[in-house]
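Student: So the first sequence is numbered by this note's numbering: it starts at 16 and just counts up by one.
No lab work stands behind these hints, which were simulated from the structure alone. Every residue, glycine too, gets a C-beta built ideally from N, C-alpha and C. It cannot be assumed that every hint is accurate.
As the list claims (entries may be wrong) - The calculated label-pair distances, taken between Cβ atoms and stated as ranges, are:
(1) V321 - V176: 53 to 59 Å
(2) N274 - N738: 18 to 24 Å
(3) G599 - R319: 40 to 46 Å
(4) R519 - S213: 28 to 34 Å
(5) D333 - G372: 21 to 27 Å
(6) D590 - N261: 21 to 27 Å
(7) R411 - G599: 52 to 58 Å
What the hints assert, rightly or not - Listed below are the simulated DSS-like cross-link pairs for lysine-lysine, each with C-alpha atoms no more than 27 Å apart in a straight line:
(8) K200 - K310
(9) K279 - K200
(10) K279 - K507
(11) K310 - K283
(12) K310 - K400
(13) K413 - K400
(14) K283 - K525
(15) K279 - K413
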Amino acid sequence: MTESAPEPNPDTNAEIPVHRYNAALAGAIEAKWQDRWDAERTFYAPNPVGLLTGVNAERATLPKRYVLDMFPYPSGSGLHVGHPLGFIGTDVYARFSRMSGFNVLHTMGFDAFGLPAEQYAVQTGQHPRVTTEANIATYRRQLRTLGLGHDPRRGVATTDVAYYRWTQWIFLQIFNSWYDAEADKARPIADLEAELDSGARTPDDGSTWAELTEGERRDYLDTHRLAYIADAPVNWCPALGTVLANEEVTADGRSERGNHPVYKRPLKQWMLRITAYAERLIADLDLVDWTDSIKLMQRNWIGRSVGAEVRFPVVKHDGLDIVVFTTRPDTLFGATYMVLAPEHPLVDTIVANSWAGSPAAWRGVFGADVSPPEAVARYREYAAKKSELERQSEGREKTGVFIGAYALNPTTDERIPIFIADYVLMGYGTGAIMAVPGQDERDWEFAEVFGLPIIRTVQPPDGFDGKAYVGDGPAINSGPLDGLNIVDAKRKMIEGLERGGWGRGTVNYKLRDWLFSRQRYWGEPFPIVYDADDRPRAVPDSLLPVELPEIVDFAPHITDDPDALPEPPLSRAEDWVFVELDLGDGPRTYRRETNTMPQWAGSCWYYLRYLDPTNEDAMIDPRVEQYWATGVRDGAPAAGVVDLYVGGVEHAVLHLLYARFWHKVLYDLGHVSTVEPFQRLYNQGYVLAAAYVDERGVYVEASEVEERDGAFTYRGEPVTRENGKMGKSLKNSVTPDDICSEYGADTLRLYEMFMGPLDASRSWNTSDIIGVHRYLQRLWRNVVDEETGAVHVSDAPADDDTRRLLHRTIAAVRTDMTALRFNTAIARLTELNNGLTTVVARDGN
RNA sequence: GCCCGAGUGGUGGAAUGGCAGACACGGCGGACUCAAAAUCCGCUGCUCGAAAGGGCGUGUGGGUUCGACUCCCACCUCGGGCACCA
C-alpha cells in the first residue's frame, strides 16, 4: 500500500500534537483537494456531443444521473448556514452517485434578476448588473469553500445575456403557439393559420375566415396564442409600482413581497395560457416521485371541480340566458334565486328600471330609496372599494342587492329573482351561480338575510338540526330524481339537461392564466415590438437577444394612488423604445414592449440550460437533451429529466407549476423529450435558530446575547428567547465562513447532515458541532499518528467482529444514502469508527 | 371553517408490528495536568431500592394484536397549505 505523508498541521500552537485534526489542518486538507479538483476538472460532467465533451469523456458512456438544487438568488448579505443545507445534501448524493457508476450532472447557477438588486440600484445609482455580479462572486467563493462538487462550466446566471437570449426564444415559442384542444397539445400558430386558410378548420367564434379583414385575422390569431395580451382585471400594487401574478398576492390581498396593498383593476398585460394545461398538470403528477403533500398543494391550486353548466333564461329578455357553473346539478330543483358577480357583464343589460312590487328587503341598504340601476351602481362602488382585507375583517356577512330582474328555473319553470353580491366572484366559473340555500351554507346565509325561500332537495338524516345540509342522502322535492343519492342524481340531472339543451357536464378550474408582465427594469425584456396598428409582432430569432438598455433611473413609478397607471422604467429609454426593423414587409418603425418578464421566467428552464450551457445555436443540442433524458423509473423510462431536485417547500406551487408548464409547452413543440422536468422532488427543511427580542419587541443580534443561569441579556438588558427561521430579519444568522474557520468545511457539512432528516426543519446549535468534529478527529487519529504523522494502516485481515461491523455499516450506509437519510448514515459510520477505535486501542493499529 | 403533516429523555434525534431511546450534545464521575482548556475512559429516560432487583414510560383516552412509538377510532397541542372557488 502506498502512503503519501499526511498534511502537516499549519497550526503553530505548541500545546497540541503536530498532526492533530483541527480547523487548521482541516483547512489545509480541504484547500489542497479543492485545488486538485479544479486542476483535474474532477467534477466536469461530459456531454455526448458539443463543447463539453473532452474532459472525463470516458464517463459519457455511463448511465446518467442529474442531481439539481433550486438555484439561489444572490443576495447582498451572502450565505448563512441555512442556505447550503440542500446544497450539501445534493452534493453528498451526487458524490455517492458518481462513486456508484453514474455520469453525474451537478452544478449551481443563479436566479439573479429580481427586486433587491434593482432596489439597491435605485438607492445608490449603481447598476444592478454590478451589484449582481459582485454578489455572485461572493456566493461562488463561499460555495467553493464548502467543497461542493459542481461542474463549474454549467453554472449559468439568468442575467447572462447568453442565457436570457434563450429565455426570450422560449417566450417566442410560446407566443408562436396555440393550444389545439382536439390534439390536446400546443402547436405552432402557423398551423392554425394554415388550417383556417385552407378551410380545414373554422373560427371558434362563429365568424367566417374568408370574410375577415387582414387585421381581424391577426386579432383572431393573437387571441388564440399561448402568450397573449389581455385587458383583464389584474393585481396592481402601486407601492411596488408593478402588477403581480395571483400567486404573488396573499389571501388578505397584499403583495407577498413587501406586504403592500394590492388592487384589482383592468389593465392590458401579457398572459400565458397555463389554464390550457390544467388537466395535464394534474394528471402527470402521477408520473413523478414527489411527496403527497406537494402534489396535493398543486392539485388544490389548480382546483379541478366536476359539475355542470346550466342555462337560466332571463324573464322579459327573449333568448338571453345566464349560464352558471355548479358542482351540484342534482340540487337544481332547489334553486330559488340567482346571484351574479357585481361586475358581471350581463348586469347592465338585464337590470330593471323599477322594483315592480318586489319585497323591500331585497333592496338591502344600497337600494332602499333608489332605482335598481342606481342601487347596482352603489353596490358596485361599495364592493370595489372594499379591499380583500376589509372583506376578511367583516367576516362572511352576506351583502347584495336585487336587480329587479328574474330568471326561470329550467326544472320548475318557477320565476326566481336575480341578485348581485360580492360573495360570487367574477374570476371563477361563469361569475354567476344558481343559489340553492337548502344545500349550500353561503346561499343559506344569504337567503336568511334577504328572506328568500329555502327548499331542501336532499333529505337530511334524523336528528339533523343544522341549516344547509351538504351531506349525502336521498333526493326530495326533485321530481324524477327523488330517492336517488347525490352521485346518481347528478348523473341523471346532467343527462336531462343535455337532452333538453339546458346545459352540459363540465369541468372547472380555480387556476387562472399567468400574468406575465412586470413594470420593472431588472428583468428579461420581451422580444416583442408593436406595429403602427398596435398589434404585437415577434422579434425574429436572428435579432435575439433583445438586450436591456442602459438607463439612469431604475426606479419604478411608485405611488399611493390606486388609480395611477403602471409606468415601466424601460419606457424612459426612448432611443431604445423606437426601433426600425424589417420584419419581412420592408423597414418600418416599431415600438418595443417596455414591460419585462417576472423573475419566474428565468427559473422556469435553467435546469435545461445546464445541459448545454455554451450552445449558441440552440437552447440545447437535441443529442445532449436525449442523453440526459434517459432516466429510468421502475424499469420504465422516467417522466422527468432531473433525477433529484432539492429545494424549499415555499416553491410548491409557484416555481414548480410554472416550470412544469413551460416544460410541457417545450415538449409539445418537440424541444424536449420528457413530459415532466423533475422526476424526484425533495423538500429540505429550514434551519431554525434561537432569536432574541428585547423589551420593546425588537430583535437583537443573537450572537451578542449572553446567557446566565437560564436568563438572557443583550448589552445588560434582559431579552427573551424565541426560535425561528434563520435569516436577516430575526438577526440570528450564522455564516458558513465562521464555522469553516473554526472547525473546517467537512465538520460543517457533517453537522448539517447529522442534525436530523433532510426534510425536517432543525434547530441550529453551534455548541453541538463539536460532536461531529470529534468524530472526524477520532477517525483521523485511527489512521494517522498525531505525534509523528505516521500513517498506520495495516493489510492484515481484520478479526471477524470488525469485518462483520464493516459490512453491516456498508449495507446500512448504502440504503441510507439512496433514501437521503444522511443523519443515520453518519450515525452508522460513527459506530464503525467507535468500533475501530476499540480495535486500535487494543492492537495498536 | 376545510385539507395535509407532526407530537419519543434536559436537547437534536433513532427505531414503521418484535429488547424504546441508536448516534450526538449537555450533565455527572474518573484519567492526564501545578491548574485550566483540549483529549481520553466510564455512567446518564423517570422512579423505588444500600444493592440485587422491581415499577412506570413514546401528547390524552379507547381499540385491533401473542406483541403497538409504529395500525384503527376520538380528542388535545403545534406546524404548514387553502379559504365566500358555487
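Student: Decide, hint by hint, whether the structure agrees.
Tutor: Hints, one by one, checked against the model:
no., hint, result
1, V321 - V176: 53 to 59 Å, "violated, 47 Å"
2, N274 - N738: 18 to 24 Å, "holds, 23 Å"
3, G599 - R319: 40 to 46 Å, "holds, 42 Å"
4, R519 - S213: 28 to 34 Å, "holds, 30 Å"
5, D333 - G372: 21 to 27 Å, "holds, 22 Å"
6, D590 - N261: 21 to 27 Å, "violated, 35 Å"
7, R411 - G599: 52 to 58 Å, "holds, 57 Å"
8, K200 - K310, "holds, 22 Å"
9, K279 - K200, "violated, 32 Å"
10, K279 - K507, "violated, 40 Å"
11, K310 - K283, "violated, 33 Å"
12, K310 - K400, "violated, 36 Å"
13, K413 - K400, "holds, 16 Å"
14, K283 - K525, "holds, 22 Å"
15, K279 - K413, "holds, 21 Å"
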